[in-house]
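Colleague: Now for the letters of each chain:
Protein chains: 2
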Amino acid sequence: MSHVVDRQNLDFLFYAVFGLEEILSHADFVDYDRAAISGILDTTQALSERELAPCAAELDANEPKFVDGKVVVPDRARQALQACASAGLFAAMFDAEVGGLGLPYMVSTALNGILGCGNLALANYLSLTVGNANIVREFGTYDQKRCFLPPMLEGRWFGTMCLSETQAGSSLSDIQTKAEPADEGGYRISGSKMWISGGDHEMAENIVHLVLARIPGSPAGVKGISLFLVPKYRVSSDGCLGEFNNVAVAGLNHKMGQRGTTNCLLNFGEGGDCIGQLVGEPNKGLSYMFQMMNEARIGVGTSSVMSALSGYLFSLDYARTRLQGRRIRDKDPLAPQVAIIEHADVRRMLLAQKAAVEGGLALSCLCASLIDRQRMAAETQRDDLALLLELLTPVMKSWPSEHCLEANKLAIQILGGYGYTRDYPVERFYRDNRLNHIHEGTFAIHGIDLLGRKVRMQDGRALQLLAEKLAATIGRARDCAPLADSAGDLEGAFDALKKATAAVSGCDDPELALANATLYLDNFGHVVVAWLWLEQALAASAALADDRADYSRSFLEGKLAACRYFYRYELPKVHAGFTLVGSLDDTGLRMMPQAFLGA
Amino acid sequence: MSHVVDRQNLDFLFYAVFGLEEILSHADFVDYDRAAISGILDTTQALSERELAPCAAELDANEPKFVDGKVVVPDRARQALQACASAGLFAAMFDAEVGGLGLPYMVSTALNGILGCGNLALANYLSLTVGNANIVREFGTYDQKRCFLPPMLEGRWFGTMCLSETQAGSSLSDIQTKAEPADEGGYRISGSKMWISGGDHEMAENIVHLVLARIPGSPAGVKGISLFLVPKYRVSSDGCLGEFNNVAVAGLNHKMGQRGTTNCLLNFGEGGDCIGQLVGEPNKGLSYMFQMMNEARIGVGTSSVMSALSGYLFSLDYARTRLQGRRIRDKDPLAPQVAIIEHADVRRMLLAQKAAVEGGLALSCLCASLIDRQRMAAETQRDDLALLLELLTPVMKSWPSEHCLEANKLAIQILGGYGYTRDYPVERFYRDNRLNHIHEGTFAIHGIDLLGRKVRMQDGRALQLLAEKLAATIGRARDCAPLADSAGDLEGAFDALKKATAAVSGCDDPELALANATLYLDNFGHVVVAWLWLEQALAASAALADDRADYSRSFLEGKLAACRYFYRYELPKVHAGFTLVGSLDDTGLRMMPQAFLGA
Numbered sequence: 129m130s131h132v133v134d135r136q137n138l139d140f141l142f143y144a145v146f147g148l149e150e151i152l153s154h155a156d157f158v159d160y161d162r163a164a165i166s167g168i169l170d171t172t173q174a175l176s177e178r179e180l181a182p183c184a185a186e187l188d189a190n191e192p193k194f195v196d197g198k199v200v201v202p203d204r205a206r207q208a209l210q211a212c213a214s215a216g217l218f219a220a221m222f223d224a225e226v227g228g229l230g231l232p233y234m235v236s237t238a239l240n241g242i243l244g245c246g247n248l249a250l251a252n253y254l255s256l257t258v259g260n261a262n263i264v265r266e267f268g269t270y271d272q273k274r275c276f277l278p279p280m281l282e283g284r285w286f287g288t289m290c291l292s293e294t295q296a297g298s299s300l301s302d303i304q305t306k307a308e309p310a311d312e313g314g315y316r317i318s319g320s321k322m323w324i325s326g327g328d329h330e331m332a333e334n335i336v337h338l339v340l341a342r343i344p345g346s347p348a349g350v351k352g353i354s355l356f357l358v359p360k361y362r363v364s365s366d367g368c369l370g371e372f373n374n375v376a377v378a379g380l381n382h383k384m385g386q387r388g389t390t391n392c393l394l395n396f397g398e399g400g401d402c403i404g405q406l407v408g409e410p411n412k413g414l415s416y417m418f419q420m421m422n423e424a425r426i427g428v429g430t431s432s433v434m435s436a437l438s439g440y441l442f443s444l445d446y447a448r449t450r451l452q453g454r455r456i457r458d459k460d461p462l463a464p465q466v467a468i469i470e471h472a473d474v475r476r477m478l479l480a481q482k483a484a485v486e487g488g489l490a491l492s493c494l495c496a497s498l499i500d501r502q503r504m505a506a507e508t509q510r511d512d513l514a515l516l517l518e519l520l521t522p523v524m525k526s527w528p529s530e531h532c533l534e535a536n537k538l539a540i541q542i543l544g545g546y547g548y549t550r551d552y553p554v555e556r557f558y559r560d561n562r563l564n565h566i567h568e569g570t571f572a573i574h575g576i577d578l579l580g581r582k583v584r585m586q587d588g589r590a591l592q593l594l595a596e597k598l599a600a601t602i603g604r605a606r607d608c609a610p611l612a613d614s615a616g617d618l619e620g621a622f623d624a625l626k627k628a629t630a631a632v633s634g635c636d637d638p639e640l641a642l643a644n645a646t647l648y649l650d651n652f653g654h655v656v657v658a659w660l661w662l663e664q665a666l667a668a669s670a671a672l673a674d675d676r677a678d679y680s681r682s683f684l685e686g687k688l689a690a691c692r693y694f695y696r697y698e699l700p701k702v703h704a705g706f707t708l709v710g711s712l713d714d715t716g717l718r719m720m721p722q723a724f725l726g727a
Numbered sequence: 129m130s131h132v133v134d135r136q137n138l139d140f141l142f143y144a145v146f147g148l149e150e151i152l153s154h155a156d157f158v159d160y161d162r163a164a165i166s167g168i169l170d171t172t173q174a175l176s177e178r179e180l181a182p183c184a185a186e187l188d189a190n191e192p193k194f195v196d197g198k199v200v201v202p203d204r205a206r207q208a209l210q211a212c213a214s215a216g217l218f219a220a221m222f223d224a225e226v227g228g229l230g231l232p233y234m235v236s237t238a239l240n241g242i243l244g245c246g247n248l249a250l251a252n253y254l255s256l257t258v259g260n261a262n263i264v265r266e267f268g269t270y271d272q273k274r275c276f277l278p279p280m281l282e283g284r285w286f287g288t289m290c291l292s293e294t295q296a297g298s299s300l301s302d303i304q305t306k307a308e309p310a311d312e313g314g315y316r317i318s319g320s321k322m323w324i325s326g327g328d329h330e331m332a333e334n335i336v337h338l339v340l341a342r343i344p345g346s347p348a349g350v351k352g353i354s355l356f357l358v359p360k361y362r363v364s365s366d367g368c369l370g371e372f373n374n375v376a377v378a379g380l381n382h383k384m385g386q387r388g389t390t391n392c393l394l395n396f397g398e399g400g401d402c403i404g405q406l407v408g409e410p411n412k413g414l415s416y417m418f419q420m421m422n423e424a425r426i427g428v429g430t431s432s433v434m435s436a437l438s439g440y441l442f443s444l445d446y447a448r449t450r451l452q453g454r455r456i457r458d459k460d461p462l463a464p465q466v467a468i469i470e471h472a473d474v475r476r477m478l479l480a481q482k483a484a485v486e487g488g489l490a491l492s493c494l495c496a497s498l499i500d501r502q503r504m505a506a507e508t509q510r511d512d513l514a515l516l517l518e519l520l521t522p523v524m525k526s527w528p529s530e531h532c533l534e535a536n537k538l539a540i541q542i543l544g545g546y547g548y549t550r551d552y553p554v555e556r557f558y559r560d561n562r563l564n565h566i567h568e569g570t571f572a573i574h575g576i577d578l579l580g581r582k583v584r585m586q587d588g589r590a591l592q593l594l595a596e597k598l599a600a601t602i603g604r605a606r607d608c609a610p611l612a613d614s615a616g617d618l619e620g621a622f623d624a625l626k627k628a629t630a631a632v633s634g635c636d637d638p639e640l641a642l643a644n645a646t647l648y649l650d651n652f653g654h655v656v657v658a659w660l661w662l663e664q665a666l667a668a669s670a671a672l673a674d675d676r677a678d679y680s681r682s683f684l685e686g687k688l689a690a691c692r693y694f695y696r697y698e699l700p701k702v703h704a705g706f707t708l709v710g711s712l713d714d715t716g717l718r719m720m721p722q723a724f725l726g727a
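In order, the protein sequences belong to chains G and W. Just so we're aligned: the first sequence equals residues 129 to 727 in my numbering. Just so we're aligned: the second sequence equals residues 129 to 727 in my numbering.
Watch out, some of these pointers could steer you wrong.
For identical chains, the list gives no copy identity; a pair is met inside one copy or between any two copies.
Each computed DSSO-like pair below joins lysine-lysine, with the alpha-carbon atoms no more than 30 Å apart [what the hints assert, rightly or not]:
1. 626 with 701
2. 412 with 273
3. 626 with 306
4. 627 with 459
5. 459 with 306
6. 306 with 193
7. 627 with 701
8. 597 with 701
9. 459 with 412
10. 626 with 459
11. 459 with 351
12. 626 with 273
13. 306 with 412
14. 597 with 627
15. 273 with 193
16. 701 with 198
17. 597 with 412
For the record, the hints were derived by calculation from the structure and aren't laboratory data.
Construct the entire structure; sequences and hints are all you get.
Modeller: So this is what it looks like as structure tokens:
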């Protein structure tokens with residue numbers, strides 16, 4: 129079995145649940161049919177299995193080092209990334225007109241996920257470069273696109289996003305990096321940026337940093353932040369590489385996981401002039417960045433899902449072969465030991481992982497499909513699709529970072545003592561995934577975004593759109609006898625969500641209203657994932673009823689079981705959660721700092 | 129502030145909640161009063177802060193290595209442990225008649241915890257040695273005690289417990305190590321033991337292994353396992369060290385955390401005769417081991433609590449000083465940033481940690497006090513105390529390993545990106561703590577123990593004893609107006625527990641009955657910890673009402689807030705949990721192995 133993807137499940141989500149066939153019928157994707165998509169998935173799977181996965185442990189054990197002014201990464205990493213570049217994977221999501229493969233977003237997201245499942249630390253370089261190039265494509269000038277897009281889409285130049293500074297992490301309004309207009313054109317960038325993934329290394333000919341900075345005289349706060357293209361090596365107007373642009377590595381961060389992704393403190397303009405080009409208009413940098421970060425967040429959420437998939441597949445394989453103990457009824461000590469998958473609690477832990485991973489992957493496909501469907505939709509529908517995606521983005525970013533991380537924890541548990549050693553990869557998957565709770569906006573930040581902004585947008589229209597989607601699914605499930613109970617459970621859970629939302633909306637103290645926003649997001653995510661499990665169960669039921677189904681019976685029965693698991697073991701938790709949120713509990717808010725320990 | 133203990137809290141638990149003063153009044157503890165205990169705590173705290181904590185990061189980064197046939201640990205580790213030995217801490221829990229300090233178990237457990245909070249990897253050597261010596265004390269012959277106890281209590285010889293083998297982890301009935309009677313006396317031990325913490329190193333003059341093995345001709349399964357004392361270097365009848373006893377290191381395990389505790393695969397009798405002495409009677413080895421392991425489990429649970437305390441104290445300190453963002457109402461980007469403890473979600477995460485850590489520590493004190501109180505009790509009461517402890521042991525071992533681990537996760541979250549780096553200790557605390565879910569019996573094993581055995585013992589007498597304790601607390605809380613609601617909540621939660629227990633007891637399919645034993649244990653633990661929070665709140669209320677209280681007002685108010693937190697944010701979750709367990713849900717049990725992925 130593959131340890132980087134479950135192709136049957138991907139096909140099921142693509143075609144049986146999220147309508148990829150219909151998306152492929154759009155003029156933009158005329159070059160692709162199901163067979164062509166399958167071929168690209170084959171290539172990506174092979175790359176992930178043969179190039180990326182085999183060096184994941186090595187990269188973790190031998191993290192990038194700063195030697196003689198250079199950041200050194202094991203050479204196998206460069207080779208693996210070049211193999212991805214050669215296969216065109218840096219260009220997967222871009223339209224053919226800029227040199228891309230022109231794949232649907234749902235597919236390109238899955239491709240990145242397959243690479244991340246094999247080796248998240250390496251796949252990050254690709255994702256960052258793609259995200260970076262996408263900003264250039266969207267907001268860059270003709271010349272910027274001409275110079276920067278081709279080498280990034282070819283995987284010769286890599287990209288980074290430089291937002292945080294040591295004193296400005298979650299609080300971006302406090303960034304201080306300066307951009308002063310230079311006489312020779314462009315801007316002179318000076319300042320330090322923290323947590324820069326892929327910030328320096330020797331694996332690419334150039335590194336293109338997208339840097340948030342302030343132009344002197346700009347307004348304070350987020351309204352005075354501009355965005356700059358700042359290459360490691362200067363780029364002439366004909367796209368040739370020039371001299372070093374004084375982007376200096378001040379230090380490497382040594383992380384718990386994702387160690388193969390270099391993470392740097394960068395000093396801009398320390399040893400000499402560092403020249404950047406303005407992207408778009410001054411003072412609109414944050415809005416550009418966020419527009420793209422929303423897509424990046426689908427990527428981060430998907431990475432989290434795929435880290436958990438790594439652990440799920442590994443622990444499933446292990447559970448099928450590791451012999452330990454006997455069935456509870458069997459008291460004969462001389463009877464042979466059984467595979468641990470025979471133990472109820474091991475099955476429960478595998479089902480919990482399956483529910484989280486495949487629920488999370490469905491969420492990823494849904495969000496990506498909303499981007500694809502915006503292309504296809506009539507003008508009037510497009511705003512609704514965009515609005516729904518805006519609502520779901522904090523869920524996509526955050527829910528997997530909690531529940532797929534929990535899945536990684538269970539994978540360790542299934543391997544027992546072995547899982548706790550570095551001889552097996554499951555502890556590494558956990559360590560890798562732990563970052564996803566923090567970067568691209570912490571869980572708490574997204575909770576505030578969801579409860580403080582997203583559910584209130586346009587008088588709650590986004591939430592209303594979600595309600596309509598759920599109602600449609602609930603209606604179909606009511607007509608499918610084995611799923612009728614679940615339909616009622618989902619309706620009840622969504623009612624609880626709406627009540628909590630209304631209670632919070634009625635509170636005019638914003639601090640109190642948002643005091644439990646994190647828990648709101650967490651429980652909101654459970655409702656969304658429960659909805660997507662019901663959608664999967666409906667699709668599985670339909671396929672089971674159809675003798676010409678493309679999926680094995682055991683696979684489809686597994687889908688029904690995982691849905692049942694989610695509805696019995698997970699969804700009921702939301703009632704306690706929403707009751708709490710709706711009660712506007714202020715226990716945390718009112719806790720005086722000195723009362724934690726006592727004076 | 130100290131980062132290894134919260135002394136005010138320890139005093140509160142000792143004296144205001146668990147009656148240490150009364151325990152000290154017992155004849156066995158006549159040498160100790162509150163001042164003397166305080167002095168020993170001072171010494172231990174200083175050792176932990178000055179000797180153990182400072183080398184914790186170094187030990188993690190430079191784990192023990194196998195070089196030229198020797199296991200090499202950084203020398204600071206040996207020095208730190210010798211400082212503990214010099215202070216008498218290896219002897220803390222033993223009676224004066226065998227050379228111990230004769231401290232109450234509640235106190236010696238806390239001392240080990242304080243060391244573990246500073247450096248869990250090092251404190252393990254002490255705990256293992258103490259546990260080992262305790263078996264010798266309880267079941268050893270006069271000569272065994274004479275030869276082995278003094279050097280272990282002086283910390284010159286260390287101890288290990290050798291249970292698992294590669295094919296026999298959770299399934300101890302499958303161990304194969306042999307012990308054949310030797311002509312020269314004793315037994316010739318041969319076989320391999322896996323996961324041996326402290327299995328080899330050069331930090332002690334000798335290492336005393338307690339080894340489970342089979343004497344040829346013994347019954348199959350757990351009824352044919354005997355216990356042997358197997359020193360690394362042979363010990364003459366006058367206690368002198370002799371030649372190497374052929375306990376060979378076959379390899380070191382490289383763990384996710386607790387890296388400073390060597391963990392070995394040991395081969396016994398590979399290069400020559402390995403001679404062991406039988407402890408107690410043949411074939412009773414497992415019962416001896418378990419008798420002591422129950423005390424070890426208080427230690428493991430306490431270690432988990434203390435790992436979480438490390439993270440709580442560190443993240444609390446950080447949250448008070450790290451500036452980031454502004455209060456939600458404050459829209460002025462030029463206003464100074466505030467300490468992150470001002471943000472509601474950071475307070476929530478700190479409260480969650482406090483509730484887990486101080487709830488877990490209360491559980492530890494309770495379990496330890498039950499050992500102390502057995503000494504003091506009349507014969508008729510003693511069995512009840514032992515029975516209650518038996519019931520609580522799986523909870524003590526397991527609840528912290530889940531919820532205090534979650535606390536460690538939150539500590540990382542509070543530090544954000546910094547918490548994800550190895551420049552800060554919180555990710556190490558998480559890694560250290562992750563083991564506690566696995567060793568000394570996995571969470572699942574303890575779930576089966578609790579639901580399959582402990583709650584059924586003597587027709588449910590243990591559970592009845594717990595019910596009486598809870599009823600007493602509930603009664604007192606009803607009379608304390610601010611806690612009356614919580615009293616009702618606890619009663620409701622315990623009712624749910626009883627209903628679930630009854631439903632399971634009525635099921636005659638043992639596999640189905642125990643299919644959700646893990647969740648039962650988890651929710652059972654929540655009820656127990658909720659009870660202990662109500663006890664703490666009652667004690668805090670009483671102290672607040674008393675003008676001559678020994679604790680600061682803010683500390684006592686913090687206790688009330690943390691209790692409220694637990695009752696509002698945590699306890700309500702048990703209803704979904706117990707409903708599920710009581711429903712005898714078989715979703716996991718019936719899941720066919722091939723349905724996880726599909727054929």
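Colleague: Using 30 Å as the alpha-carbon threshold, which applies to residue 306 and residue 193: within, between, both, or neither?
Modeller: within (29 Å within a copy, 48 Å between copies)
Colleague: When Cα atoms must be at most 30 Å apart, do residue 597 and residue 627 count as within-copy, between-copy, both, or neither?
Modeller: within (18 Å within a copy, 38 Å between copies)
Colleague: With 30 Å as the alpha-carbon cut-off, assign the pair residue 626 and residue 273 to within, between, both or neither.
Modeller: Neither, since 45 Å and 68 Å both go past 30 Å.
Colleague: Tell me, please, which holds for residue 627 and residue 701 at an alpha-carbon limit of 30 Å: within, between, both or neither?
Modeller: both (16 Å within a copy, 19 Å between copies)
Colleague: When no copy is named, should residue 597 and residue 701 be tagged within, between, both, or neither for a Cα gap of at most 30 Å?
Modeller: Classified as both: same-chain Cα gap 22 Å, cross-chain 28 Å, threshold 30 Å.
Colleague: I want to check one pair: residue 412 and residue 273. Are their C-alpha atoms no more than 30 Å apart within a copy, between two copies, both, or neither?
Modeller: Answer is within; shortest intra-copy Cα gap is 19 Å, inter-copy 78 Å.
Colleague: Give the relationship of residue 459 and residue 351 under a CA distance limit of 30 Å: within one copy only, between copies only, both, or neither.
Modeller: between (71 Å within a copy, 12 Å between copies)
Colleague: My question is about residue 306 and residue 412: at a cut-off of 30 Å on alpha-carbon distance, are they close within one copy, between copies, both, or neither?
Modeller: within (15 Å within a copy, 75 Å between copies)
Colleague: Go through the copies and call it for residue 459 and residue 306: within, between, both or neither, with a Cα cutoff of 30 Å.
Modeller: between (73 Å within a copy, 23 Å between copies)
Colleague: Please work out whether the CA atoms of residue 626 and residue 459 approach to 30 Å or closer within one copy, between two copies, in both situations, or in neither?
Modeller: between (51 Å within a copy, 28 Å between copies)
Colleague: State whether the alpha carbon distance between residue 273 and residue 193 is at most 30 Å within one copy, between copies, both, or neither.
Modeller: neither (33 Å within a copy, 53 Å between copies)
Colleague: Taking 30 Å as the upper bound on the Cα-Cα distance, should residue 459 and residue 412 be classified as within, between, both, or neither?
Modeller: between (71 Å within a copy, 19 Å between copies)
Against the hints set out earlier in the document, violations occur for numbers 3, 12, 15, 16, 17.
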